[in-house]
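Engineer: Protein chains in written order, with this note's numbering: chain G, 1 to 243; chain W, 244 to 486.
Treat the hints as calculated values from the structure; they're not laboratory data. Beta carbons are placed, not taken as given, at the ideal position from N, Cα and C, and that holds for glycine. Hints are not guaranteed to be accurate.
Derived list of chain W stretches under chain G, where covered just means 3 residues or more per stretch with a C-beta under 8 Å from a C-beta of chain G [what the hints assert, rightly or not]:
| hint | segment |
| --- | --- |
| 1 | 248-259 |
| 2 | 323-337 |
| 3 | 355-366 |
There are 2 protein chains.
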Amino acid sequence: MNYRITLAYDGTDYCGWQIQPGLPTIQGLLNDALERLDGAPVTTFAAGRTDAGVHAEGQVVSFRLSKKWAGANLRKALNGNLPPDVRVLDVATVADQFHARFDAKGKTYRYRIFVAEVMNPFWVRYAWHYPYALDSAKLVEDAQTLVGTHDFTTFTVANCETKTRVRTITEARVECETDLLTLYFSGEGFLRYQVRTMVGALVDANRGRLNAGSIAELIARRDRALIGAPAPAQGLTLLKVEY
Amino acid sequence: MNYRITLAYDGTDYCGWQIQPGLPTIQGLLNDALERLDGAPVTTFAAGRTDAGVHAEGQVVSFRLSKKWAGANLRKALNGNLPPDVRVLDVATVADQFHARFDAKGKTYRYRIFVAEVMNPFWVRYAWHYPYALDSAKLVEDAQTLVGTHDFTTFTVANCETKTRVRTITEARVECETDLLTLYFSGEGFLRYQVRTMVGALVDANRGRLNAGSIAELIARRDRALIGAPAPAQGLTLLKVEY
Chain G
1 MNYRITLAYD GTDYCGWQIQ PGLPTIQGLL NDALERLDGA PVTTFAAGRT DAGVHAEGQV
61 VSFRLSKKWA GANLRKALNG NLPPDVRVLD VATVADQFHA RFDAKGKTYR YRIFVAEVMN
121 PFWVRYAWHY PYALDSAKLV EDAQTLVGTH DFTTFTVANC ETKTRVRTIT EARVECETDL
181 LTLYFSGEGF LRYQVRTMVG ALVDANRGRL NAGSIAELIA RRDRALIGAP APAQGLTLLK
241 VEY
Chain W
244 MNYRITLAYD GTDYCGWQIQ PGLPTIQGLL NDALERLDGA PVTTFAAGRT DAGVHAEGQV
304 VSFRLSKKWA GANLRKALNG NLPPDVRVLD VATVADQFHA RFDAKGKTYR YRIFVAEVMN
364 PFWVRYAWHY PYALDSAKLV EDAQTLVGTH DFTTFTVANC ETKTRVRTIT EARVECETDL
424 LTLYFSGEGF LRYQVRTMVG ALVDANRGRL NAGSIAELIA RRDRALIGAP APAQGLTLLK
484 VEY
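Only chain G is shown next, with the shape it has when bound in the complex (with noise of 0.2 Å):
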């Protein structure tokens, strides 16, 4: 039988979805769980391989097990196999070709500035603290120079493994509430590092420090090396996943 999960997880303890021997991953965790439930090997496919540090309010899972669960009794066994930081919301059964990553049509992120000179200590986990104060209409404006459909060499890793850079961004939309600034991307599918990448630029480009000049120069230039460091990860979360 063919499963897909919705995982809510806090990416803070951990180093990223994808498994790696000997380190704290939640695809780990999960895999353990459900051989232990299942008796033998599972085999795990996330809409989205979230990074280290990275959160997820509905990350997608699917997988096959050799028993038939009632979806709520397989969500509370897998809760009662999983720690806290890490909670499946939802399970259903799907059709036996589902696979969360190929067949996902859309994905939304969000990601979070903390702009204020002191820290507020309940956002260091879920925040980027960026001490100085930024303009929010210009903000705006140069997210929207992301939307459609570019290459982003220049908003992921130099050694991206992918047969071609081109995507399509759907929306870019920011929210302004005192001391918190949230940005939210859509789209189909995104290059690794692209969002913390683009946020990153964003951020330059608002304090006037973009060598290129502007976003939209960015992106014509298809260089990786134009811009500095992707915004860090605890600021990251992967909110949902369109089937």
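Chain G is fixed; fit chain W onto it per the hints.
Structural biologist: Chain W only, in chain G's frame:
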């Protein structure tokens, strides 16, 4: 010079405010930082001595330093000597006789309950997970019963060493969002474990599990043995102190 600082901390990883040899405490960290800056041990007084795992958004602490500091400089120097989960938000110089605890006129505590079958991993550190539905109208009504001047013997530790267990609660407020119930209690002062014990009793009352029958009866009987455990520490935050 006498100083008053406002402190925010994520209490998860600490054994409470009060210094204890060999254990990580907020006062221990602060005293170490102050001694580093002033060159000699410094005595600190907090408005509320929060217990292990309890948080603060507006703890107030007073202490004397031999050196004279501009507020912003002392704030930066202290934050540079404290971990990211403990932050000095504000520093002021105060009259020589000011004492953060004795001069406090009122305190407000917040208690959060996450009411859903599956816990949200981002609330694990900051809310009590209560997996059964609660009647919010009854919660509001019962909380009102606690407002006023009462002998709160039922709601503190059996060996509570204070001259009187009479306290005045000036306000009890309940906010209900999806899955999250937030209670606010304001009063001149609170007994040890009082807020958490009141919350535990309110939840028991809500589920029809009070042997005493009602919150009013619990207050009248003045017997700690009538009720169960205090609600867990992670839901509680010292929000603000008034002078």
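Engineer: Please go over all the hints and tell whether each is borne out by the structure.
Structural biologist: Checked hints:
1. 248-259: holds (count 3)
2. 323-337: holds (count 6)
3. 355-366: holds (count 5)
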